[in-house]
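There are 2 protein chains.
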Amino acid sequence: MKLIFKCLGPLLFLAITANGQKNKSENPPVFPLGNKVTNGNFTGNVWLQMLVLNDTIYNSNIGSVTFAPGARSKWHFHPGGQLLLVTEGKGLYQEKGKPIKLIKKGDVIKCPPNVVHWHGATPTDDMTHIAIGTNSQKGNVVWMDYVSDFEHKSFK
Amino acid sequence: MKLIFKCLGPLLFLAITANGQKNKSENPPVFPLGNKVTNGNFTGNVWLQMLVLNDTIYNSNIGSVTFAPGARSKWHFHPGGQLLLVTEGKGLYQEKGKPIKLIKKGDVIKCPPNVVHWHGATPTDDMTHIAIGTNSQKGNVVWMDYVSDFEHKSFK
Chain A
1 MKLIFKCLGP LLFLAITANG QKNKSENPPV FPLGNKVTNG NFTGNVWLQM
51 LVLNDTIYNS NIGSVTFAPG ARSKWHFHPG GQLLLVTEGK GLYQEKGKPI
101 KLIKKGDVIK CPPNVVHWHG ATPTDDMTHI AIGTNSQKGN VVWMDYVSDF
151 EHKSFK
Chain B
1 MKLIFKCLGP LLFLAITANG QKNKSENPPV FPLGNKVTNG NFTGNVWLQM
51 LVLNDTIYNS NIGSVTFAPG ARSKWHFHPG GQLLLVTEGK GLYQEKGKPI
101 KLIKKGDVIK CPPNVVHWHG ATPTDDMTHI AIGTNSQKGN VVWMDYVSDF
151 EHKSFK
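Going down the list, the protein sequences come from chains A and B.
If you read the first sequence in full-length UniProt numbering, its first letter stands for residue 1, the second for the next number, and so on.
If you read the second sequence in full-length UniProt numbering, its first letter stands for residue 1, the second for the next number, and so on.
Keep in mind the hints are simulated off the structure, nothing from the lab.
Any given hint could turn out to be false.
Lysine to aspartate or glutamate pairs mimicking EDC-like chemistry, simulated, CA-CA at most 16 angstroms apart [stated by the list, open to error]:
1. Lys90/B / Asp125/B
2. Lys153/A / Asp125/A
3. Lys110/B / Asp55/A
4. Lys110/A / Asp55/B
5. Lys98/A / Glu151/A
6. Lys101/B / Glu151/B
Which residues of chain B face chain A? A partial, calculated answer using Cβ under 10 angstroms [said to hold, decoys possible]:
7. Val30
8. Leu51
9. Ile57
10. Pro112
Here a beta-carbon is modelled for each residue, glycine too, at the ideal position from N, C-alpha and C.
Generate coordinates for the entire structure from the input sequences, incorporating the hints supplied.
Given below as structure tokens:
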């Protein structure tokens with residue numbers, strides 16, 4: 001045990017477990033975990049680190065969002081669209097009326113303007129993505145219904 | 001030696017050395033290294049993995065750019081601005097007429113529209129950033145002069 005700690009000790013960093021607690025893992029995150037999201041637009045434990053606040057120069061907003069296993073957004077849409085860059089873990093993405101897709105570290109997901117969708121972690125993995133809101137001059141995200149446990153677990 | 005390899009073996013991934021060769025390091029990159037850039041707009045060894053191609057839906061383009069030590073862009077500007085998210089290493093950023101700034105993993109840099117600047121690695125570290133071109137409907141990047149060795153090494 002002492003030997004294992006000596007080998008891996010310098011590489012231990014914080015990660016997230018299903019109950020939203022922090023635990024030891026191998027990989028340092030690119031960006032800080034940020035603050036727990038408490039705005040009611042998500043199910044489960046979600047953290048947000050804002051990287052770029054919206055303004056009229058870049059017409060974009062950027063945040064790093066981390067979902068604990070089982071956590072997900074409400075159904076929602078973006079008038080100007082959104083681009084997701086998955087930086088850690090495995091998650092799910094679904095557009096209304098289409099099958100749920102598995103998404104993982106390194107994937108790029110395009111959320112087209114005005115298309116209703118949700119994204120989050122799988123039931124068993126955490127997931128972090130950089131979310132880039134584009135054309136923000138076209139309006140803010142519009143939040144809709146919660147994604148039910150039945151919907152979230154229907155991924156085949 | 002065998003013991004060290006047993007401990008660290010699963011964590012060994014490719015990284016870059018000063019001469020542009022690949023070498024072993026501890027951290028897996030978030031995105032692939034991509035292809036060597038050969039368009040003449042950079043000095044030294046630079047790789048680009050495009051993540052989002054420009055279009056009229058998102059009005060954005062995104063690429064992960066990796067600079068070997070000493071590598072840097074030409075002086076240039078973006079009519080619609082650019083946002084840089086540093087994902088690995090240490091690099092340099094300078095706007096015309098201002099001091100060179102050290103940038104590192106986790107930093108966010110805003111390149112304002114029409115402001116002449118350059119970015120790249122330090123002389124001794126490699127650096128990877130996600131480059132997000134915003135408001136791309138306002139026009140393409142405009143390339144200017146090379147950053148000389150004297151300019152690049154003038155960081156204090």
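Hints versus structure:
1. Lys90/B / Asp125/B: Distance ~6 angstroms between Lys90/B and Asp125/B Cα, so the pair holds.
2. Lys153/A / Asp125/A: 13 angstroms, holds
3. Lys110/B / Asp55/A: Since the Cα atoms of Lys110/B and Asp55/A sit roughly 12 angstroms apart, the hinted pair holds (cutoff 16 angstroms).
4. Lys110/A / Asp55/B: The given pair, whose Cα atoms are some 12 angstroms apart, holds under the 16 angstroms limit.
5. Lys98/A / Glu151/A: 12 angstroms, holds
6. Lys101/B / Glu151/B: 13 angstroms, holds
7. Val30: 5 angstroms, holds
8. Leu51: 5 angstroms, holds
9. Ile57: 6 angstroms, holds
10. Pro112: Constraint on Pro112/B satisfied, holds at 7 angstroms.
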